[in-house]
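In terms of the working numbering, the sequence shown is residues 385 to 675.
It is worth saying that the hints were derived from the structure and are not from the lab.
There may be inaccurate statements among the hints.
[Claimed, not checked] Between beta-carbon pairs, the in silico distance windows are:
(1) Glu574 x His630: 32 to 38 Å
(2) Gly500 x Arg577: 40 to 46 Å
(3) Phe645 x Pro514: 18 to 24 Å
(4) Trp506 x Arg415: 25 to 31 Å
(5) Glu512 x Ala550: 24 to 30 Å
Backbone N, C-alpha and C fix where the C-beta goes; we use that ideal spot for every residue, glycine too.
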Amino acid sequence: MKTLSQDAFAAAERYLQLNARLIDRARFANRFHGGQAGAVTHAVRAYQNPDGGFGHAIEPDLRGAGSQPQGAEVALWALDDVGAFDEPIVLAACAWLEANSTDEGGVPWVLPSVVGDERGPWWQPQGEQPPAALNPTAPIVGLLHTHDVKHPWMESATEFCWRKIAELDEVGAYDAMCVLHFLERVPDSERARTEFERLGPSLRASAALDPDEPGHTHSPLDLAPTPDSLARSLFSDEEIGRHLDHLVETQGAEGGWAPNFPMWTPVVAHEWGGFLTRATLATLQAYGRIA
Numbered sequence: 385m386k387t388l389s390q391d392a393f394a395a396a397e398r399y400l401q402l403n404a405r406l407i408d409r410a411r412f413a414n415r416f417h418g419g420q421a422g423a424v425t426h427a428v429r430a431y432q433n434p435d436g437g438f439g440h441a442i443e444p445d446l447r448g449a450g451s452q453p454q455g456a457e458v459a460l461w462a463l464d465d466v467g468a469f470d471e472p473i474v475l476a477a478c479a480w481l482e483a484n485s486t487d488e489g490g491v492p493w494v495l496p497s498v499v500g501d502e503r504g505p506w507w508q509p510q511g512e513q514p515p516a517a518l519n520p521t522a523p524i525v526g527l528l529h530t531h532d533v534k535h536p537w538m539e540s541a542t543e544f545c546w547r548k549i550a551e552l553d554e555v556g557a558y559d560a561m562c563v564l565h566f567l568e569r570v571p572d573s574e575r576a577r578t579e580f581e582r583l584g585p586s587l588r589a590s591a592a593l594d595p596d597e598p599g600h601t602h603s604p605l606d607l608a609p610t611p612d613s614l615a616r617s618l619f620s621d622e623e624i625g626r627h628l629d630h631l632v633e634t635q636g637a638e639g640g641w642a643p644n645f646p647m648w649t650p651v652v653a654h655e656w657g658g659f660l661t662r663a664t665l666a667t668l669q670a671y672g673r674i675a
C-alpha cells in the first residue's frame, strides 16, 4: 500500500499556491488547515451573476461570463465541501435553475447562449431548445437535498431525475457519476437502493479498471471518492487499492496532478490542475493514504 509522503504533500500544496485558483486554494485550506469556510463562500459569490446563475469560468472550459447549468453545479460542490450552503447564494441559484429548466423539469447540459462564448470545443448545445439532462441536473438536485434546501424547483427537478434514471439501461461515464450523486443524496433511500442495484453492473462498467488505460477515462475513485460512497461496493478492495496506489505514483514533477482530457487553451491546464489536485488530495485523505 502506497501513501503520499509528507514531502509529496508539501509539493502538492506548493503547486496549489503557485497555480490554483482562489476557490480551489480556499477549499484546500479549509480541508487541510482549518481555513475559514467564508473564504470559499466569498470566492463562489464572485462567480455568481445578477441573474443568480454562475459563469466567469467557474467551470474552466466555459470561459464566458454568462450563466450556465454546469457553473451552478461547480458552485454548489464548493459550498457543500465546506458545509456552507449560504442561503442567499443558493436560493438565487435555485431561481435561476427554475427559470432555465425545460418543461421536463430539469436543466440542459448547456444552454444555447454558450455559442457566443469562448469555450472548449465539446461544449455544443443540442439545438435552440436543448432537452433537460441528468448531467448536471441530478448532482445539483442531490446536493440541494443534502442541505434540505426548500424551493419550488426541487419537486419537478427531483421527479425529472427519477424518471430519466428509470429509463436508463446502460450508463455512460459522466451520467454514472451524476446518477450516483443523486441516488446517494435523495431522501427516498429505498427507491434509490432499488435503482442502484438495478444499474450496478452498468455503473461499474463505466469505470476504467486499469489505471493505466489511456485517454479520457473515469476511475473507480471518480465514482467512489470516499470509502462511504454508494459506489464503493461496486469495486473490490484490490481494485480500489490499485487506483489509490496509481494516484500516489502519478503526482507530477511540479507537485500536482494533470487532467487526462484535452487542454484547449493554456490557462485551463493549471485551472484544472488545481481543481484536480485538491480533489485528489481529498480522496487520498479519505482513504487514509496521506502520511
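A quick look at each hint next to the structure:
no. : hint                        : result
1   : Glu574 x His630: 32 to 38 Å : holds, 35 Å
2   : Gly500 x Arg577: 40 to 46 Å : holds, 43 Å
3   : Phe645 x Pro514: 18 to 24 Å : holds, 22 Å
4   : Trp506 x Arg415: 25 to 31 Å : holds, 30 Å
5   : Glu512 x Ala550: 24 to 30 Å : holds, 28 Å
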